[in-house]
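Assemble the whole structure, with the sequences as input and the hints as a guide.
Next come the chains, spelled out residue by residue.
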Amino acid sequence: MATVDHWSEWKKQCAIALCGDEARHNLELFAWQRWTRFLEITLGYDAPELRELRRSDVWHQFETWCCVGPTAAEKSHKDWIFKRLETHSGSGLDIIQSGATLVLRDAVRDFIRHEGRTRLPGTRSPEKSLDEPVAGSEEGGNLTYGDLLPGELDTASMVSIREYQRLGEEEALKLSADLRERERLVLAASALGIPMSHPRLEQITRKKKSVLSAALQSVEARVTRHIDKKYGDEKEGSRRILSAATLQRLRNLSCDPKNSPETWRDELFKLLSMSS
Amino acid sequence: MPKLPSIHLVEAPAWQRDRLRSWIEEWTLDLALRGALGEPANDLLAPVKTMFPDPALDLVRPYDEQVEVHQIRLLGPTVAPDSDRPICVAILGDTPDKLFLTAPFSRFGIPATPGEWLTGRDTRALRVLSIWNTRLFDSNYLRESWLIGELTEAESAAAWEVFGFQMAAQPLPSTLASQVGPPVVHPRDPRLRYQAEEAALFAAIGAAVETVSRNILTEFVSLRTIRESIAEQELDLAADTGDTGGAPFAREIFEVPAYSVFVRAYLASDAEHIVFVVHDSGGDPSEALDGTNIVAEDGRILASIQKGGASIPLSTPLPEVGLRLASGESLLWRKSTGS
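Chains as they are written, first to last, in this note's numbering: chain A, 2 to 277; chain B, 323 to 661.
These are computed hints drawn from the structure, not numbers from a lab. Glycine included, C-beta positions come from ideal geometry on N, C-alpha and C.
Across the chosen pairs, the derived CB separations fall in these ranges:
| no. | chain 1 | residue 1 | chain 2 | residue 2 | range |
| --- | --- | --- | --- | --- | --- |
| 1 | A | Gly238 | B | Ala476 | 36 to 42 Å |
| 2 | B | Ala336 | A | His227 | 29 to 35 Å |
| 3 | B | Glu333 | A | Met2 | 53 to 59 Å |
| 4 | A | Arg163 | B | Thr497 | 32 to 38 Å |
| 5 | B | Val507 | A | Ser219 | 19 to 25 Å |
| 6 | A | Met159 | B | Leu498 | 23 to 29 Å |
| 7 | A | Glu133 | B | Gly605 | 52 to 58 Å |
Below, the structure written as structure tokens:
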């Protein structure tokens, strides 16, 4: 098991190769154990990367991340790991090793992205289509890459764009009358760029982020259904643009005091000024 | 069934799709790894209790206290104790009152948004600069960091181009256009959560005086501040000239970069209105903002700019005012000393 003395030896010597056998063995074991655990969690227990894992290679990845250049001045990540002794409570070993673990986490993420499974020949995930759902967000719901990157409107279509905006306004005014208070709140929050996972938003609404995300998704789905039903003969792309214009207008309406007299709006603006 | 007008959509370029996909991959991995750290059972942080000898802190190099523009620094844990990663920053510039424009590097290797710039550096921690998160820092805080490098002249110039693009809507040179992240258009885009987390992390550092976007370009300006500033100028001018009948040139000037025009604010002779007059960069009257509404923070329309000007009564309490186009889009403006 690594000790403070082992870590101190590494800090003094600059590189693991210059440390004694005992320090090298224990530090490499420390890094390997955590690296393995990170890979198990992200790639699964049967990941090929786990079978090929050598302790010295893991430590090399860690040290590479620690160094931003060849000189001692550029190895400041090590200083960061040790300097936490001044700001964190607990045993010295815990503080050093938790700092090292945080650096390892970044190194693991980079390894997986650039040298791990997704980069192995023949195993890299194929290009995603625009209709593919987006992973990695509790707020993602049924988002697709097409939703996130719809492309840009051709400026030659400016007259048409204005017409879509006008229609979006019309539809939004019709739909806004039926919105519930919680739905107006989540629309206003999204208009202000406040994520549904913001802890203060949960406090204001006394609702969990999953409930708030569901409310936002529910409004979006209702708008889409409404437009699809009314303009069913039109191309999907055109309907998507009109749905987006309608949603945008609904968000703006939800921020407007005339349409949303509830006290939470002030709280949202306060929240915005606190986080900006 | 009603008909919709035809419209042409220019598909997002392949590099943007690829970059977004790669960024989402990193983000997804990051969430999983964070979950791993939060798992109490997995013992990742290994709480093995031993006594730590104080001399270990002697192994830490002292902070590099001389703070200068173009430096790249690693913030010490004493200035950012709540950070769950070492934060590297680049100092882009300074102000006359010795504040430093400071932008952090992203923890990811892929630029997330148009305000993040791929530096081209191989060093893992310095690959992407989050220029959208630039803040003003006092040197007293930045001293608590280690110097780890310097921006080259070319890097500094590029960073400023992205800064101008992000903060003042200036056009981005074509050479840089593909070195930033794709735009964020959807309100549930996971990159918004990432930005909220990063902004909160950086804002938590006691040294962050203000966000640059708020300090330099803003949506709303205070009518009270405008009136007080004009009143001060009038007093100064009166003291200089002995004229107590009102100084005709007392004014506040605001720049609207998106339209390359300036808005001058004057106190009307009845002292009951603020008059806004729009000028171009040459000082000539401009009607570029005609049809733009001047609105209060709560959305009330106070006046509409027509024939290059508008007038707002000085009601009580004096509101903060912003510019809003007929389309509903807000225009950002900032205090200026020119034109």
